[in-house]
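With the hints as your guide, set chain B onto chain A.
Number of protein chains: 2
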Amino acid sequence: MSKQRGFTVWFTGLSGAGKTTLATLLASELATRGRRVEVLDGDEVRTNLSKGLGFSKEDRDTNIRRIGYVSRLLARNRLGVIAAAISPYRSVRDEVRQAIEAEGAVFLEVFVKCPIDILAERDVKGLYKKALAGEIKEFTGVSDPYEEPFDPEVVIETDRESVGASATKIIQALEKRSLLPVSYTMLESALTDLDLATL
Amino acid sequence: MSKQRGFTVWFTGLSGAGKTTLATLLASELATRGRRVEVLDGDEVRTNLSKGLGFSKEDRDTNIRRIGYVSRLLARNRLGVIAAAISPYRSVRDEVRQAIEAEGAVFLEVFVKCPIDILAERDVKGLYKKALAGEIKEFTGVSDPYEEPFDPEVVIETDRESVGASATKIIQALEKRSLLPVSYTMLESALTDLDLATL
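Residue numbers (the working numbering), protein chains in the order written: chain A, 917 to 1115; chain B, 917 to 1115.
Pulled out of the complex, with its shape left as it was, chain A reads as follows:
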């Protein structure tokens, strides 16, 4: 356990795309696999680290850098982190990636993708309606930019797949990088695949 590398699973995507829901399920799945992680959720972090910051590019970048700083401290101590914030600007996401990779930890960018017309239709918090009516300024995807990742490690399409299926995709990406303890189920299925007669 203690020899494992640290990592940060970095969610990026529009408001309402499903980042927090997926982060919560993923954290719980990882815990059952023996890898407890810290979840740094955008809204919670805005309370704890970024009260007073607004939604200008500069303030958004500062907020993301702070989440990046805390992720780096945790990941360089071999811990796992899930960061879930809109993080609309590519350059700051890349800056955080570089800082974390420079510590020998893994940065896994997960694009939580959902078309904006579907988000506006769902509109769980009623924010899209207000944003489209011009009542909220600087609303990402409507009146403020969102820069999609060029080459994210994982793409989640929350309008086409279940949250369970999405979590599994991320878990597989972590397993591929040897970031999770090997489970009995995995060993068993590997052994089943072996043709014992050839041994």
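A portion of the hints provided could be inaccurate.
Because identical chains cannot be distinguished in the list, a pair is counted as satisfied if it fits within a single copy or across any two copies.
Only pairs whose alpha carbons sit at most 20 Å apart, straight line, appear in this in silico SDA-like list of lysine to any residue [claimed, not checked]:
| no. | residue 1 | residue 2 |
| --- | --- | --- |
| 1 | K973 | T1056 |
| 2 | K1029 | G958 |
| 3 | K967 | R981 |
| 4 | K967 | E1011 |
| 5 | K973 | T963 |
| 6 | K967 | Y985 |
| 7 | K967 | T978 |
| 8 | K967 | A1015 |
| 9 | K1092 | V961 |
| 10 | K1029 | D975 |
| 11 | K967 | D977 |
Since the hints were derived computationally from the structure, they do not count as laboratory data.
For chain B alone, kept in the frame of chain A given last:
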């Protein structure tokens, strides 16, 4: 190692009292004893987490709460932290203590004490001269309050003891709480103290 409890050694004291110097030496001593720690230094944290905050009571409290939040995330994952910020207000220090202890981690308040006339005499950064001349507003100990801890776990008198002796006092306080791996030297000295003839 991985079963060890997390802890935060929280330095509080006036500017120039020696918090950063002691934090650096202590971190290095702890590393040689197999316990790597993260140092959250006041100045560095102001850059990474609190840019834009000033020195009003409210802003100082916010800054300390942020250091406390990060300390808590690290300590609840069984890591060791040294926080070194002036942290002039008792109530916020106590708030951070409670949050960290609530996670089952240890909070060790270290009062880094030095009389203000000696600090003004040393005046390494030339700040006391300016503060006493009224050129710096809100300077802790001169034009802004400093509330000494009522019952800190360790008191360091930087005008009377060497930095090495101070570090040793803190290490002993950590050892007393079983927060450091047992060293060969300690085992050896414990064995030497035993009267083998009585066994």
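Hint check:
Taking identical chains as interchangeable, the C-alpha atoms of K973 and T1056 lie at most 20 Å apart only when both belong to the same chain, with a minimum of 11 Å there against 34 Å between chains. For a Cα distance limit of 20 Å, the shortest separation of K1029 from G958 inside one copy, 17 Å, qualifies, whereas the shortest one across copies, 39 Å, does not. For the identical chains of this complex, K967 and R981 are neighbours both inside a copy (14 Å) and across copies (11 Å), given an alpha-carbon limit of 20 Å. Within a single copy, K967 and E1011 get their C-alpha atoms only as close as 22 Å, which misses the 20 Å cut-off; across copies the closest is 18 Å, which meets it.
Taking the closest pair of Cα atoms, K973 and T963 come within 20 Å of each other both inside a single copy (18 Å) and across two copies (18 Å). For a Cα distance limit of 20 Å, the shortest separation of K967 from Y985 qualifies both inside one copy, at 16 Å, and across copies, at 13 Å. Taking the closest pair of Cα atoms, K967 and T978 come within 20 Å of each other both inside a single copy (11 Å) and across two copies (9 Å). For the identical chains of this complex, K967 and A1015 are inter-copy neighbours only, at 19 Å across copies versus 24 Å inside a copy, given an alpha-carbon limit of 20 Å.
When the C-alpha separation of K1092 and V961 is checked against a cutoff of 20 Å, the pair qualifies neither within a copy, at 29 Å, nor between copies, at 35 Å. In this homomeric assembly, K1029 and D975 never come within 20 Å of each other (Cα to Cα): the closest approach is 23 Å inside a single copy and 37 Å across copies. Taking CA atoms no more than 20 Å apart as the test, K967 paired with D977 passes in both settings, with 14 Å inside one copy and 12 Å between copies.
Of the numbered hints given earlier, the model fails hints 9, 10; all others are met.
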